[in-house]
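Between the sequences and the hints, there should be enough to build the whole structure, so can you do that?
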Amino acid sequence: MKFSSALRIFIISGILALVGNFVGFKVNPVDALPGMLILLVIVIAGYGLSRVSPIKLPSIAYISALAIIASIPGVPGADLVTKYVGEVQFLALCTPILSYAGISIGKDLDSFKTQGFKIVVVTLLALAGTYVGSAIIAHVVLKLTGAI
Amino acid sequence: MNKKSDWKVHLLALVMVVIAEAIGTKRFQLGPGTVMLLPMLYALVIGMFLPALRLVDREDMDIASPYIGLSVMYLTAKMGTTIGPNLSKIFTAGPALILQEFGNLGTIFFALPVAVLVFRMGREAIGVSFSTSREGSLAIISDLYGLDSDEGRGVMGGYFTGTLFGAIFNGLLAGVLISTGLFHPYALAMAAGTGSASMMAAAMGPTVAAFPEMEAELSAFAATSQLLTSVDGLYMSLFLAIPITEWLYRKLGGKPAAGETKKEAAK
Numbered sequence: 117m118k119f120s121s122a123l124r125i126f127i128i129s130g131i132l133a134l135v136g137n138f139v140g141f142k143v144n145p146v147d148a149l150p151g152m153l154i155l156l157v158i159v160i161a162g163y164g165l166s167r168v169s170p171i172k173l174p175s176i177a178y179i180s181a182l183a184i185i186a187s188i189p190g191v192p193g194a195d196l197v198t199k200y201v202g203e204v205q206f207l208a209l210c211t212p213i214l215s216y217a218g219i220s221i222g223k224d225l226d227s228f229k230t231q232g233f234k235i236v237v238v239t240l241l242a243l244a245g246t247y248v249g250s251a252i253i254a255h256v257v258l259k260l261t262g263a264i
Numbered sequence: 009m010n011k012k013s014d015w016k017v018h019l020l021a022l023v024m025v026v027i028a029e030a031i032g033t034k035r036f037q038l039g040p041g042t043v044m045l046l047p048m049l050y051a052l053v054i055g056m057f058l059p060a061l062r063l064v065d066r067e068d069m070d071i072a073s074p075y076i077g078l079s080v081m082y083l084t085a086k087m088g089t090t091i092g093p094n095l096s097k098i099f100t101a102g103p104a105l106i107l108q109e110f111g112n113l114g115t116i117f118f119a120l121p122v123a124v125l126v127f128r129m130g131r132e133a134i135g136v137s138f139s140t141s142r143e144g145s146l147a148i149i150s151d152l153y154g155l156d157s158d159e160g161r162g163v164m165g166g167y168f169t170g171t172l173f174g175a176i177f178n179g180l181l182a183g184v185l186i187s188t189g190l191f192h193p194y195a196l197a198m199a200a201g202t203g204s205a206s207m208m209a210a211a212m213g214p215t216v217a218a219f220p221e222m223e224a225e226l227s228a229f230a231a232t233s234q235l236l237t238s239v240d241g242l243y244m245s246l247f248l249a250i251p252i253t254e255w256l257y258r259k260l261g262g263k264p265a266a267g268e269t270k271k272e273a274a275k
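Respectively, the protein sequence lines represent chains A and B. Take the first sequence: its position 41, counting from 1, is numbered 157 in this note's numbering, and each next residue is one higher. Take the second sequence: its position 123, counting from 1, is numbered 131 in this note's numbering, and each next residue is one higher.
Incorrect hints may have been included.
[What the hints assert, rightly or not] If the Cβ cut is set under 8 Å, some of the chain A residues that face chain B in the computed set are:
| hint | residue |
| --- | --- |
| 1 | P145 |
| 2 | I185 |
| 3 | P192 |
| 4 | V201 |
| 5 | L207 |
| 6 | L209 |
| 7 | G218 |
| 8 | L225 |
| 9 | G249 |
[What the hints assert, rightly or not] For lysine to aspartate or glutamate, the following DMTMM-like pairs were computed, each having C-alpha atoms within a straight-line distance of at most 20 Å:
| hint | chain 1 | residue 1 | chain 2 | residue 2 |
| --- | --- | --- | --- | --- |
| 10 | A | K172 | B | E254 |
| 11 | A | K223 | B | D14 |
| 12 | B | K263 | A | D195 |
| 13 | A | K142 | A | E203 |
| 14 | A | K118 | B | D14 |
| 15 | A | K223 | B | D65 |
| 16 | B | K97 | A | D147 |
Simulated from the structure, these hints should not be mistaken for laboratory data. C-beta atoms are modelled at their ideal positions from N, C-alpha and C, and glycine is treated no differently.
Here it is, written out as structure tokens:
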């Protein structure tokens with residue numbers, strides 16, 4: 117995809133998030149706009165970096181790293197980043213994603229129907245796996261370090 | 009390349025966002041956990057009815073597909089900005105809290121063998137097994153494989169399941185683990201922070217109820233673990249969980265990817 121096409125989609129989906137942020141969370145788009153623009157700059161910078169950087173990593177790795185750095189206390193402007201981005205609700209950013217996913221999902225519906233039960237069981241096993249896995253390691257390390 | 013204009017897709021997405029957000033988040037109590045119905049789930053469900061209503065055709069679906077991967081980047085950026093202010097807390101967390109983060113890879117070893125060997129699932133198994141399928145996982149799969157790939161269907165199914173039943177399941181599981189007496193309550197509290205607030209709350213309910221005298225320490229451990237998972241989750245998934253899942257999938261004899269149909273969502 118051309119960079120300009122991606123940029124256009126960033127702007128459109130940003131508008132969708134602003135609308136959702138207003139309808140669902142009653143945050144005035146004018147208040148949320150600075151935070152959305154900050155996120156847009158981070159997204160564009162990270163996306164651009166992943167295209168030109170010799171280190172081949174997915175764009176979200178760059179975007180996440182830039183967003184973390186921009187919000188570390190002491191980094192110039194970090195307090196403003198935290199303040200303004202706070203106006204943009206996490207859930208409001210999720211809804212546009214799942215809207216596009218919903219539109220494109222029609223062709224996969226049959227596959228979902230046949231896989232449904234299996235996916236439910238495997239998901240619950242995954243949840244049990246992270247819980248039990250973490251509990252075992254935590255228990256052993258606490259024992260070894262004499263904390264319990 | 010698509011010649012058709014994509015404005016219909018964006019307009020539909022806008023209408024779906026407005027409807028979904030207007031309904032808003034609904035919560036109800038079910039057994040030991042809360043069931044949360046989120047706007048994004050409504051958006052997904054509305055989408056499922058669009059083809060039957062003849063509002064979208066195959067071409068629209070293909071147009072919308074790369075937009076998932078691009079809109080997910082905002083979410084990644086937002087999650088990143090919540091990490092920075094908390095980064096320093098990692099250094100004071102202590103070895104047990106840090107190391108138990110690797111227990112999050114337990115998803116793979118519990119889920120993948122059953123998915124591949126028992127259920128004979130294809131690469132959906134990778135999407136649903138590498139993590140707990142929360143929002144960050146959607147972003148990762150979307151970036152690496154595309155959400156409309158086999159792996160994408162796996163993580164979306166996992167996302168659906170976890171959002172609807174995750175809290176209840178974790179509440180029940182916590183009760184079971186407490187009753188075995190195998191784990192110190194501190195370990196259970198640290199394990200409760202798996203990256204989802206509602207799942208953590210459900211897991212902590214029975215734990216605190218069983219050990220009320222330790223409530224303050226237990227809550228602090230769970231909250232720190234939760235924070236650590238939010239900090240390391242993306243990088244742990246990219247550099248450990250996905251490669252390990254791919255490796256184990258091959259070892260277990262999982263079906264290879266379907267030819268060259270793999271989507272490159274963001275490129």
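Structure-based check of each hint:
1. P145: violated, 13 Å
2. I185: Holds: closest Cβ of chain B sits about 7 Å from I185(A), inside 8 Å.
3. P192: This interface hint is violated because 13 Å lies over the 8 Å limit.
4. V201: This interface hint holds because 5 Å falls under the 8 Å limit.
5. L207: holds, 6 Å
6. L209: Status holds, d = 5 Å.
7. G218: holds, 2 Å
8. L225: With a closest approach of 6 Å, the L225(A) hint holds.
9. G249: holds, 2 Å
10. K172(A) / E254(B): Holds - the C-alpha atoms of E254(B) and K172(A) are around 18 Å apart, at most 20 Å.
11. K223(A) / D14(B): Distance ~18 Å between K223(A) and D14(B) Cα, so the pair holds.
12. K263(B) / D195(A): The given pair, whose Cα atoms are some 49 Å apart, is violated under the 20 Å limit.
13. K142(A) / E203(A): Holds - the C-alpha atoms of E203(A) and K142(A) are around 10 Å apart, at most 20 Å.
14. K118(A) / D14(B): holds, 15 Å
15. K223(A) / D65(B): holds, 9 Å
16. K97(B) / D147(A): violated, 30 Å
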